[in-house]
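Asks: What follows is each chain in one-letter form.
There are 2 protein chains.
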Amino acid sequence: MPDLFAGVDLGGTSIKCVLGDEQGNILFRHSIPTESHSGPERVLQRIGQAVQELTKEAGQKPVGLGMGVPGLVDVPNGITRFLPNLTTQWIDVPAAEILSAHVNCPVRLLNDVRMATLGELVYGRGKDVDSMVFIAIGTGIGGGVVIDGKLRLGPVGAAGELGHQTIDPQGPPCGCGNHGCLETLASGTALAASGIRLMLMGLAPHLHDRVGGDANRVTAELMADAAKQDEPVMDAIMQAADYLAIGVANAMVTLHPELVVLGGGVANMGDILFNRIRAQVKQRVRMIPPESVRIEPSDLGSNAGVMGSIALASRDAF
Amino acid sequence: MPDLFAGVDLGGTSIKCVLGDEQGNILFRHSIPTESHSGPERVLQRIGQAVQELTKEAGQKPVGLGMGVPGLVDVPNGITRFLPNLTTQWIDVPAAEILSAHVNCPVRLLNDVRMATLGELVYGRGKDVDSMVFIAIGTGIGGGVVIDGKLRLGPVGAAGELGHQTIDPQGPPCGCGNHGCLETLASGTALAASGIRLMLMGLAPHLHDRVGGDANRVTAELMADAAKQDEPVMDAIMQAADYLAIGVANAMVTLHPELVVLGGGVANMGDILFNRIRAQVKQRVRMIPPESVRIEPSDLGSNAGVMGSIALASRDAF
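These protein sequences, in sequence, are chains W and S.
Reading the first sequence from the start, the letters are residues 113 to 430 in the working numbering.
Reading the second sequence from the start, the letters are residues 113 to 430 in the working numbering.
Treat the hints with care, since some could be wrong.
If chains are identical, the list can't say which one is meant, so a pair holds when it fits in one copy or spans any two.
Unchecked claim - Listed next, the in silico DSBU-like pairs over lysine-lysine satisfying Cα-Cα at most 35 Å (straight line): (1) Lys262 x Lys239; (2) Lys262 x Lys394; (3) Lys168 x Lys239; (4) Lys394 x Lys173.
No wet-lab data here; the hints were simulated from the structure.
Just so you know, these numbers come straight off a predicted model, no measurement behind them.
Chain W on its own, in the form it takes in the complex:
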């Protein structure tokens, strides 16, 4: 059997663990709840156990492990810096070293969206391109930048934070401390908040029906469905698309990539979102031929992260 590599995607609520080969084939997979309240030592120990179970199943140990984490990481040193969706206990944790002791192989960390970018670059939509911008629109908005065939991380792995571009100087506060960021205007969370507002104001009766009036159940996906009947919901989605288009357009004039890939749950809205974004980008981008840049959905979907982790574990990726 060829060498196996472990891929881990550490999320706020669940952790995906896989074993796969260098070609990105996922051969064994297992998910566990995050239980982030138990602290980093315990979470990393449980990841180690999950990988050991996969090892038993495969009858073979992984020779390397890559782990995507939701936040900022010191990539060269494998230290988590700031993971806003977990707990503050994760500040300055040498997670690569700790996990490495549990799994007995080298461990490399990367921000989860940069990891998904790597997945798309090596195995997915970006396989044949030299330059690409990836934007994941989910609970938050993250990104990754590929230039001349390489993921570009900056000195500590923080380059690509496209969700924290300021899009509206007078916009609402963002979780990061700035205001008017793309994330606070157009993430799945921002969209859901708009949908809830419309529902509470009595302007979204079909959305109301779909969630039984329960604000906790409003998601971007349900909004896309309700938008066919609730015009104000459609307006809210178009508004978010226009902000996303500005984020895409700004990345385009800055870098002129061949390809922009949009992933994350919100991108699952499909044509309703992509058509508006493409049209608005054409309005915004005048200094480069907008048709020279393709804007496409993710190819790997929710596997992009773990496949990126396999890519990182199996090669010299940067």
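With the hints as your guide, set chain S onto chain W.
Replies: Okay, now just chain S, sitting in the frame of chain W:
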């Protein structure tokens, strides 16, 4: 004598021509008026003559020539695409080929601000850095992006158009066809327009005195001077600085460069501008340590362009 290289900076009103060595020393220089109404053939012929005069003076022919042009160029093919400050006759002109026939040496073209970026990278502020963003704030706002020690141009040389980031979704129209671009909010032209407005409204008596009430004489530099007494003029400069800070902050979260260099006439305002930009960037950038990125004035000033041209002519720069 060592090899000589020619550098040309083609501007809207004048053309700078120099001969220099590989170390960036400018040994001979000459300026001629652009006379862009005479058309590209004639302008390129006159540049050829100017270079020949410098050649006579030096007693030696250049072995290569680099020319910065104000607008979009197809870099691999040496063709001018769109030079908004010259005439529409410059659309799709094989300027490198034409000029090469006049000067009997290879000619390479580049957007003028990308050329200045190269100058700062090879000989100036960026000599010792791996990653840098250059923003030139003058009549318009241009830029250049350096990653892993190389100027990154994208497929045709258009990457780095940082002045055409959308900063205010509802902002005023920009010459490029978009609206709310950084250029239309914070260029020298935008600043002068704000100053003229204040003067006409009777809100800038000291600016009025300095220019004798002549709107044509209002410049960003004179506004910086008048701002010591005219508070509304100071407010206008601070507003422009805040927009510039957003442009800088967006480039920072996208690329996490070590260094941001601000050049062009408006940057000559110095501390009044830089202090405000640095403070605002600190407010905006939360996802990377803002102190990890230096924001500095240009080192080469108005020589950055021709020195970049020498760099381009004398080495494999990309």
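Asks: Is it within a copy, between copies, both, or neither that the alpha carbon of Lys262 lies no farther than 35 Å from that of Lys394?
Replies: both (27 Å within a copy, 29 Å between copies)
Asks: First find the shortest C-alpha distance between Lys168 and Lys239 inside one copy, then the shortest across copies, and answer within, between, both or neither for a cut-off of 35 Å.
Replies: within (32 Å within a copy, 53 Å between copies)
Asks: Pop the pair Lys394 and Lys173 into one bin, within, between, both or neither, using alpha-carbon distances up to 35 Å.
Replies: Answer is neither; intra-copy 49 Å and inter-copy 46 Å both fail.
Asks: Which holds for Lys262 with Lys239 at a C-alpha limit of 35 Å: within a copy, between copies, both or neither?
Replies: Both ways: Lys262 and Lys239 sit 11 Å apart in one copy and 23 Å across, limit 35 Å.
Comparing the model with each earlier hint shows a violation of hint 4 alone; every other hint is respected.
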